[in-house]
Amino acid sequence: MPTILDTDIGTAYDDHLALTYILSRPDRFDLKLTVCSTTNTTARAQIVAKILSSFKRFDVPTSIGRAPQDAYAIFEYERTGDYSLEKVQNDGGIVFFDGQHVH
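If you count the sequence shown from 1, position 88 lands on 88 in the numbering used here, and the numbers rise without skipping.
By construction, these hints were calculated from the structure, which means they are not laboratory data. There's no promise every hint is true.
[As the list claims (entries may be wrong)] The calculated DSSO-like cross-link candidates involving lysine-lysine, where the alpha carbons are at most 27 Å apart (straight line), are:
id : residue 1 : residue 2
1  : K87       : K56
2  : K32       : K87
3  : K87       : K50
4  : K56       : K32
5  : K32       : K50
[As the list claims (entries may be wrong)] Here are the simulated distance ranges between beta carbons:
id : residue 1 : residue 2 : range
6  : D27       : F97       : 17 to 25 Å
7  : I4        : Q89       : 14 to 22 Å
8  : D27       : S84       : 30 to 38 Å
9  : M1        : D82       : 29 to 37 Å
Think of the CB as a built atom: it goes at the ideal place given N, C-alpha and C, for glycine as much as any other residue.
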């Protein structure tokens, strides 16, 4: 099933679990896009990118919603380590900033 995940990952485990489940079931879900929304979207995108890289899914674009810079703390962010959005792109991943090129 073609799937788009709109997520505020990082402040509770529900979205982390949802993304992991979707990625672990390619027989049921065809993940087309992830969209990170709701405060500190850049940090949220880094969390998504780290999970996507764990599954070697560099083909799934990550879109960063508005409000990318925010002081709102996201406890899962520390787990991204030094895995930056630039590294995602260097690994072959796709990152859309402010919804650019997303149709």
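Next item on the list: Provide an ascending list of the numbers of those earlier hints which the structure does not satisfy.
Entry: 6
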